[in-house]
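First to last, the sequence lines map onto chains A and B.
Read in numbering that gives the first Met the number 0, the first sequence has 53 at position 54, and its numbers run on one by one without any break.
Read in numbering that gives the first Met the number 0, the second sequence has 62 at position 63, and its numbers run on one by one without any break.
Read the hints as simulated data drawn from the structure, not as lab findings.
There may be inaccurate statements among the hints.
The list that follows gives simulated cross-link-like pairs (lysine to aspartate or glutamate, EDC-like), each with its CA atoms no further than 20 angstroms apart [said to hold, decoys possible]: (1) B:Lys-85 to A:Glu-65; (2) A:Lys-67 to B:Asp-12; (3) A:Lys-67 to B:Glu-81.
These figures come from a predicted structure and were not determined experimentally.
Spelled out from the first residue to the last, the chains are:
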Amino acid sequence: MVFITEQEILETVGMIRSENLDVRAVTMGISLFDCSDRDPHRAAERIHAKIVQRAGRLVKVADEIEEKYGIPIVNKRVSLTPIAQVVGGDDPAAYVEVAHALDAAAEEIGIDFVGGFSAMVQKGFTRGDAALIEAIPEAISSTQRVCSSVNVASTRAGINMDAVVRMADVIKALSRLTAANDSIGCAKLVVFCNVPEDNPFMAGALHGSGEPEVSVNVAISGPGVVRNVVEHHPEASLIELADLIKRTTFKITRVGELVAREASQMLHAQMGIIDLSLAPTPAVGDSIAEILMSMGLEQVGAPGTTAALALLNDAVKKGGTMATSSTGGLSGAFIPVSEDAAMAKAAADGALSIEKLEAMTAVCSLGLDMIVVPGDIPSNSLAGMIADVMAIGMINSKTTGARLIPAYGKKVGEWVKLGGLFGEAPVMAVSQAGNDAFLRRGGRIPAPLQSLTN
Amino acid sequence: MRTTVIVTALGLDSHGLLAQVATTIAEQDANVDDVSQTVANGMFTMIMFVSFDETETTMSSLKAALEATGERIGLQISVQHENIFKFMHRI
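Start from the sequences and build out the full structure, keeping to the hints where you can.
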């Protein structure tokens, strides 16, 4: 018999009612290896059928858990085996057809997003990889729910700079094709280093080759809860603050663990991982930037921001890892500019620069995430930004990603409204110094010494 | 198998709040196993442990009835399975 105190009951209710505590996503990972077919049309049909068959009850189950525990489950998603590993051939049109099949399946089962229109090219391209990457602009711009990611670097392989350059062109093309909607297509495409194979967050979710047939991965949330705790202890020393954050994220993660256990059982799937990331939304109070401000920074971007973020990120992991033995995914604080209203304001006020965000990437989760840059940014500047983020991931043996949005037709300082959870952000300035000669060299940045661990 | 849920009610105090919540639970054929209630600075806080089996009521029916009562009498009422509280604070 577990004894529950009144204080614990009221704390739980308060977290959900007043501090936006929710489960950010329940993501079902589905292996597609048995959907392979020489005929891409048939492969698309088989993939569609398998998603509908395995994830058909996902939304219903998530809704039942939400009602039972009174905890909102914001997103229901599906992640898939990287499509370039399932569908062969070198015809980009075939991959666009597959993307449409994914979109149709996602709509049919009522999920928010489906991830896995992906390729792993850190060491080089297969014919399928190259065709899928070529298909990304049309595939993403002509679908609603499909998300794409391309892993161009790893600590073991180095950085495939040819892929980096190609991805910059893909992002620019996607920006053009979705210009009417403030280039929103770019929000559904991530370029990764060390991509995790069990990440429940979009746009980068995929179901890696080492994963089981079907799994359930859960993304926790709760910046509002952490901010509240920090705000109520203005006199706490940094050691005390770290302890408070650990205690709080322990509780948040326990909720994720409960939801993951129950959802996997109800869906007859293997329980996958709990992603310990604190993920903001544009809602007031649901912000990583506001946590950092509650710690004592006037605005994000102030000197000391990277140190404060390092403390936060580490405490989140320590608290979370006590609460579950199934950590995974990205597991770190997110710093997406457009999805975090206080972060976007700091950028607009000139307190937060891209260079500072890059430094912050070294100590937290995703990287240069949801950053809006001028629509006319040269491809090589975009490629250079991606390469810098990849280098941080490669050298530090961690996941980093770039989700950059060149806002077509927009200049520095103009605002871009992406809508919903994507939020809004100002166009940020990028250094105009050239890098053409560096990128023209092509090839791969070799794997670092850190790769030789055996 | 009996399901135990925890009903929490928060709001400005007035006469008869506990009675009205308890009446709704009785109308739903569920049982109040335990209750605690305090009023501090005019704020009413109540926690009830309520149980039922499938022949008596369902989670969704109890929840809808209590939320309707809460709206009528000015209370924020939550109905949550006990496991979220057991799970959240301890391993």
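Outcome of the hint check:
| no. | hint | in the structure |
| --- | --- | --- |
| 1 | B:Lys-85 to A:Glu-65 | holds (16 angstroms) |
| 2 | A:Lys-67 to B:Asp-12 | violated (28 angstroms) |
| 3 | A:Lys-67 to B:Glu-81 | holds (9 angstroms) |
The earlier numbered hint that this structure contradicts is number 2, and it is the only one.
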